[in-house]
Amino acid sequence: MTERKPIDDDLLVRLHHGTAAERAELEALAARDPDIRARLTDWQRQDAAIRALYGPVAEEPVPHRQLRLFDRPARRWPRVSRIAATIGLIALGAAGGWFAARLAQPPARGADLVAEALQTHATYSVEVAHPVEVPATDEAHMIRWLSKRLGHRIAPPDLRGFGFQLIGGRVVPSATGAAAVMMYEDDIGRRVTLFVTRESGQAETEFRYSGNGAARGFWWIEDGLGCAVVGDLPVDTLRAISVSAYHDLIDA
Amino acid sequence: MPFLDEVEAAIPALRRYAHALLRDRSAADDLVQDCLERALSRRILWRRQGDVKPWLFRILLNLCRDEHRRRAARPVLVPIDSVSEAGGSGGQEEFMNLREVHRAMGQLPEDQRAALLLVSLEGMSLGEAAQVLGIPDGTLASRLARARAALRRTTCRAPDRPDDVRGHRP
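Chains A and B, in that order, give the protein sequences. Taking this note's numbering, the leading residue of the first sequence gets 1, the next gets one more, and so forth. Taking this note's numbering, the leading residue of the second sequence gets 1, the next gets one more, and so forth.
Rather than coming from a laboratory, the hints here were simulated on the basis of the structure. Among the hints, erroneous ones may be present.
Covered stretches of chain A (chain B as the covering partner; in silico rule of three or more C-beta atoms under 8 Å from a C-beta of chain B) [unchecked claim]:
id, stretch
1, 44-57
2, 60-69
Which bits of chain A does chain B cover? Going by a derived footprint, with three or more residues having C-beta under 8 Å, they are [unchecked claim]:
id, stretch
3, 12-22
4, 234-247
Per label pair, the in silico range of CB-to-CB distance [unchecked claim]:
id, chain 1, residue 1, chain 2, residue 2, range
5, B, Gly123, A, Arg68, 20 to 30 Å
6, B, Gly123, A, Pro173, 49 to 59 Å
7, A, Glu59, B, Gln107, 19 to 29 Å
8, A, Glu25, B, Pro109, 22 to 32 Å
9, B, Pro12, A, Thr19, 42 to 52 Å
10, A, Phe162, B, Arg65, 22 to 32 Å
11, B, Gly134, A, Asp187, 26 to 36 Å
12, A, Pro63, B, Glu67, 16 to 26 Å
13, B, Asp5, A, Glu127, 33 to 43 Å
14, A, Ala24, B, Asp5, 12 to 22 Å
15, A, Asp248, B, Ser26, 47 to 57 Å
16, A, Asp187, B, Arg25, 36 to 46 Å
Ideal Cβ positions, reconstructed from N, Cα and C, are used throughout, including at glycine.
Using the sequences and the hints, build the whole thing.
So this is what it looks like as structure tokens:
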């Protein structure tokens with residue numbers, strides 16, 4: 001590609017926004033080639049125009065409603081260092097998290113969502129022969145099926161980094177319609193259930209924790225989707241898995 | 001810098017970007033508001049030790065895509081701010097007609113506009129912008145090249161040589 005003549009815009013873009021060495025290479029190219037020079041000059045003019053047009057917004061005072069967002073959390077969370085905050089979060093642990101969830105009074109639908117997810121996990125994770133309806137060996141079909149029933153693209157998060165392999169999925173009933181269920185298993189047979197529902201019109205929630213007995217779950221409602229990650233695992237492990245699943249799901 | 005301070009410090013850039021991307025003042029303010037609310041409620045999910053800013057831009061762009069999906073079912077006309085409102089500092093006309101560039105930016109497909117603004121307005125490198133957009137570097141390079149070429153054409157600076165304007169890429 002670098003040998004191609006005339007040099008194409010993709011490569012110029014890469015060099016232009018690349019490392020110092022790449023930019024130097026580009027300057028050398030431009031010095032030899034008036035056409036490249038013309039294009040670069042033009043891009044610089046585009047950038048100057050774009051900054052002139054849109055840059056001044058950043059100089060405006062920030063609207064009050066945006067600044068107000070920082071009042072409440074700042075009181076709730078004293079501005080200690082991030083490390084201390086992180087330690088605090090970890091220290092919250094199971095009991096603290098459970099308490100916090102209790103105190104925070106989850107909205108009605110949130111409580112139902114968790115109950116459904118816990119119930120689903122309790123019902124299917126103990127199944128030896130039929131924990132799932134479509135096995136992970138047929139993942140493409142599972143994705144199509146779950147996405148179709150949910151009316152939203154659903155792809156199973158990759159939890160192999162935590163030692164959990166996808167074993168498959170199924171559809172189960174939920175108060176809001178069909179729920180997509182994906183189940184994972186690690187090498188010692190522990191299982192994690194990912195439970196996803198459509199929650200049209202439901203208010204978004206924070207990332208929350210709920211538990212009953214051994215099974216516990218992290219859950220949230222966002223973008224019309226309700227998700228719960230349930231498993232009989234240490235809270236910190238489950239939290240890490242849930243955070244990873246959250247990122248995979250919003251990126252899907 | 002503590003998390004909250006970092007988020008707060010990023011607000012001007014988020015506003016600048018949202019305004020340029022959406023070209024509508026109130027829609028942009030709403031988008032930034034949603035972005036900040038989501039970031040604050042999700043701070044437990046912020047796992048990187050690096051800058052908060054790229055993460056905020058990712059949230060903002062995700063919200064933006066969601067909004068488009070919602071709106072797809074119910075198309076509406078998006079009002080376009082006048083150029084004077086969008087910026088309007090004078091003195092740059094010697095380089096390019098700002099009104100023309102604003103119009104040309106509006107004609108770009110939104111994914112191209114989103115990409116170009118990350119590098120040219122926000123000053124991100126190719127790698128940083130690709131990460132924010134969640135696409136490979138190569139895909140972003142082609143997208144930027146297409147955006148640059150389209151801007152060049154619509155601001156009447158494209159030369160006649162056909163190879164300057166690249167064909168469509170996958």
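Evaluated hints:
no.: 1; hint: 44-57; in the structure: holds (count 13)
no.: 2; hint: 60-69; in the structure: holds (count 7)
no.: 3; hint: 12-22; in the structure: holds (count 5)
no.: 4; hint: 234-247; in the structure: holds (count 3)
no.: 5; hint: Gly123(B) <-> Arg68(A): 20 to 30 Å; in the structure: holds, 29 Å
no.: 6; hint: Gly123(B) <-> Pro173(A): 49 to 59 Å; in the structure: holds, 51 Å
no.: 7; hint: Glu59(A) <-> Gln107(B): 19 to 29 Å; in the structure: holds, 27 Å
no.: 8; hint: Glu25(A) <-> Pro109(B): 22 to 32 Å; in the structure: holds, 30 Å
no.: 9; hint: Pro12(B) <-> Thr19(A): 42 to 52 Å; in the structure: violated, 28 Å
no.: 10; hint: Phe162(A) <-> Arg65(B): 22 to 32 Å; in the structure: holds, 28 Å
no.: 11; hint: Gly134(B) <-> Asp187(A): 26 to 36 Å; in the structure: holds, 31 Å
no.: 12; hint: Pro63(A) <-> Glu67(B): 16 to 26 Å; in the structure: holds, 19 Å
no.: 13; hint: Asp5(B) <-> Glu127(A): 33 to 43 Å; in the structure: violated, 49 Å
no.: 14; hint: Ala24(A) <-> Asp5(B): 12 to 22 Å; in the structure: violated, 36 Å
no.: 15; hint: Asp248(A) <-> Ser26(B): 47 to 57 Å; in the structure: violated, 33 Å
no.: 16; hint: Asp187(A) <-> Arg25(B): 36 to 46 Å; in the structure: violated, 55 Å
In this structure, the hints that do not hold are numbers 9, 13, 14, 15 and 16, in rising order.
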